[in-house]
Amino acid sequence: MARITIRVGPDDFDLGREYAALVADEADSGAVVAFVGRVRDLNLAQHVAVLELEHYPGMTEKALARIAADAAARWPLTAVTVVHRVGPLHPAEQIVLVLTASAHRHAAYDANAFIMDYLKTEAPFWKRESDGNTARWVDARDSDAEAMQRWLPDDAP
Amino acid sequence: MARITIRVGPDDFDLGREYAALVADEADSGAVVAFVGRVRDLNLAQHVAVLELEHYPGMTEKALARIAADAAARWPLTAVTVVHRVGPLHPAEQIVLVLTASAHRHAAYDANAFIMDYLKTEAPFWKRESDGNTARWVDARDSDAEAMQRWLPDDAP
Amino acid sequence: MNTVQLLYFARLRDVFGLHSETLTLPEGSAVADLIARLVARGGAFADELGGARVFRVAVNQEMARPDDPIPAGAEVAIFPPVTGG
Amino acid sequence: MNTVQLLYFARLRDVFGLHSETLTLPEGSAVADLIARLVARGGAFADELGGARVFRVAVNQEMARPDDPIPAGAEVAIFPPVTGG
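Those protein sequence lines, which keep their order, are chains A, B, C and D. Taken in order, the first sequence gives residues 1 to 157; the numbers are from my numbering. Taken in order, the second sequence gives residues 1001 to 1157; the numbers are from my numbering. Taken in order, the third sequence gives residues 2001 to 2085; the numbers are from my numbering. Taken in order, the fourth sequence gives residues 3001 to 3085; the numbers are from my numbering.
Honestly, the hints are just simulated from the structure, not real lab data. A portion of the hints provided could be inaccurate.
What the simulated footprint calls covered on chain B by chain A, stretch by stretch (three residues with Cβ under 8 Å from a Cβ of chain A suffice, anywhere in the stretch; the number is not a length) [what the hints assert, rightly or not]: (1) 1002-1016; (2) 1034-1041; (3) 1105-1116; (4) 1125-1139.
Okay, the calculated beta carbon distance ranges per label pair [what the hints assert, rightly or not]: (5) B:1005 with A:153: 50 to 60 Å; (6) C:2021 with A:88: 22 to 32 Å; (7) B:1065 with D:3071: 16 to 26 Å; (8) A:3 with D:3060: 47 to 57 Å.
Just so you have them, the derived chain A footprint on chain C, three or more residues with Cβ under 8 Å [claimed, not checked]: (9) 2034-2045; (10) 2057-2071.
Note that the Cβ used here is the ideal one computed from N, Cα and C, for glycine as well.
Produce the entire structure from the sequences given, and follow the hints as far as they go.
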């Protein structure tokens, strides 16, 4: 059984520390993949002053735990960590961390991308950009919905 | 142009520090993917006491730099780091680190897997396992050659 | 009649000017019945939920489809497509 | 004649009992000509390089194919399929 850790909150995370906690000294995880999503400096106007991340408390944790469990059922994972921040974030700040550990590198890669693709379409977070004057909600992207689709069986509706 | 960093040597690496050096405070890299390969505790006998990593000095750095440059030509990357250790390594120790940064997560994921697939088939490193009594050279795996093949154009020989 | 707690998030909360409300629905109502009732209010509700715009519904914090039933005492959230990560 | 520096790595170095050697080759020799010459030695060289076993050759630290030429003064390395990462 994969060890699954989910955390949602305003606090920043430390990749090195989360990685160390994930694998510790155990020698089963021959492959660890980490994804870090960060605030980019482009979108509204030329300059995003602040990105506000809203979420649906309670449901976010539940949705992330389900996505991680689905990944662990699909690939032979030893451990999964998902950390997602909420609240105001500035360019270059970290938003999301996904860590997947496995004996096999392709399992760790694929499970990690699977978790991010589902997180982007199923976990209730919303971004609002503001440049100090104007604020606007970020639109969902078709490319994210398509990325999620690729994990469905071919005969899915 | 992607910033490319290659390092080969006996010293261990710190994922958190390499990540911080890769992206610093810049807000172009919305997505960072890290792969860490570690020594597993299985193979020869039940217990690998030590894994000795030999390499071809000079050619290793050149091969890794070429693989990283190929990845940067194929995906819109902002930065790449590849660190590979040599010498004696024990179970749970780190062997290899690949970091890829991009504005787009699928570019960061795919470039990272591409680099690992080519590293596994093109970079001159060899593993020898020893349990204290017996030592044996690790055989190359067909699955690694197949993983590399998937990046070739469909009409390649 | 069943009592249902409605929650709105993100852009929908802004355009409705409403964080939450409590409604009573006939027993056996499905998600589609609730949406039809909100659309009947007209205004922003009709614009957002009655036309071509895409939205999502969660019942008791699970993503739901139009024909999913709404149990008594349910927490039903309506929100735009998500944009986290 | 060209002088060539030969290097052996990993298992091949062990079975040949040799880290490196210097050879002279006729000008215009290709990788395949060098391999044929080594196979003609018999013993471990014939076993490893003359049969079904897989090996790799690098010329001046670039992976090479059988018909690649070997320039004068080249560094030619012969080694098993790699197993790093």
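TODO: Take the C-beta atom of residue 1005 (chain B) and the C-beta atom of residue 153 (chain A), compute their distance, and say whether it sits inside 50 to 60 Å.
DONE: The hint (50 to 60 Å, Cβ to Cβ) is violated, given that residue 1005 (chain B) and residue 153 (chain A) are roughly 40 Å apart.
TODO: Count the residues of the segment 2057-2071 of chain C whose CB lies closer than 8 Å to any CB of chain A, then report whether that count reaches three.
DONE: This one holds; 4 residues, not fewer than the three required, reach chain A with a Cβ under 8 Å.
Task: Verdict for residue 2021 (chain C), residue 88 (chain A) (Cβ pair) under range 22 to 32 Å - done: holds, 27 Å
Task: Assessment of proposed distance window 47 to 57 Å (beta carbons of residue 3 (chain A), residue 3060 (chain D)) - done: Since the Cβ atoms of residue 3 (chain A) and residue 3060 (chain D) sit about 48 Å apart, the hinted range of 47 to 57 Å holds.
- [ ] Count residues of the segment 1105-1116 of chain B with a Cβ under 8 Å from any Cβ of chain A, then say if the count reaches three.
- [x] Satisfied; 7 residues make the cut.
Open item on the list: Is the coverage entry for the segment 2034-2045 of chain C by chain A consistent with the three-residue Cβ rule at 8 Å?
Closed with: It is violated: at least three residues are needed, and the segment 2034-2045 of chain C offers just 0 whose Cβ sits closer than 8 Å to chain A.
Task: Coverage assertion for the segment 1002-1016 of chain B with respect to chain A, Cβ distance below 8 Å, three residues required - done: With 3 residues closer than 8 Å to chain A, the segment 1002-1016 of chain B meets the three-residue bar; holds.
Open item on the list: Within 16 to 26 Å: is that where the Cβ-Cβ distance between residue 1065 (chain B) and residue 3071 (chain D) falls?
Closed with: holds, 22 Å
Task: Verdict on chain A covering the segment 1125-1139 of chain B, criterion of 3 CB contacts below 8 Å - done: Coverage by chain A is violated here, the residue count being 0 at a Cβ distance below 8 Å.
- [ ] Verify the coverage statement for the segment 1034-1041 of chain B against chain A, using a C-beta to C-beta distance below 8 Å and requiring 3 or more qualifying residues.
- [x] Our answer is that it holds, as 8 residues pass the Cβ test (under 8 Å) against chain A, meeting three.
When the structure is compared with the earlier hints, violations turn up for hints 4, 5, 9 and for no others.
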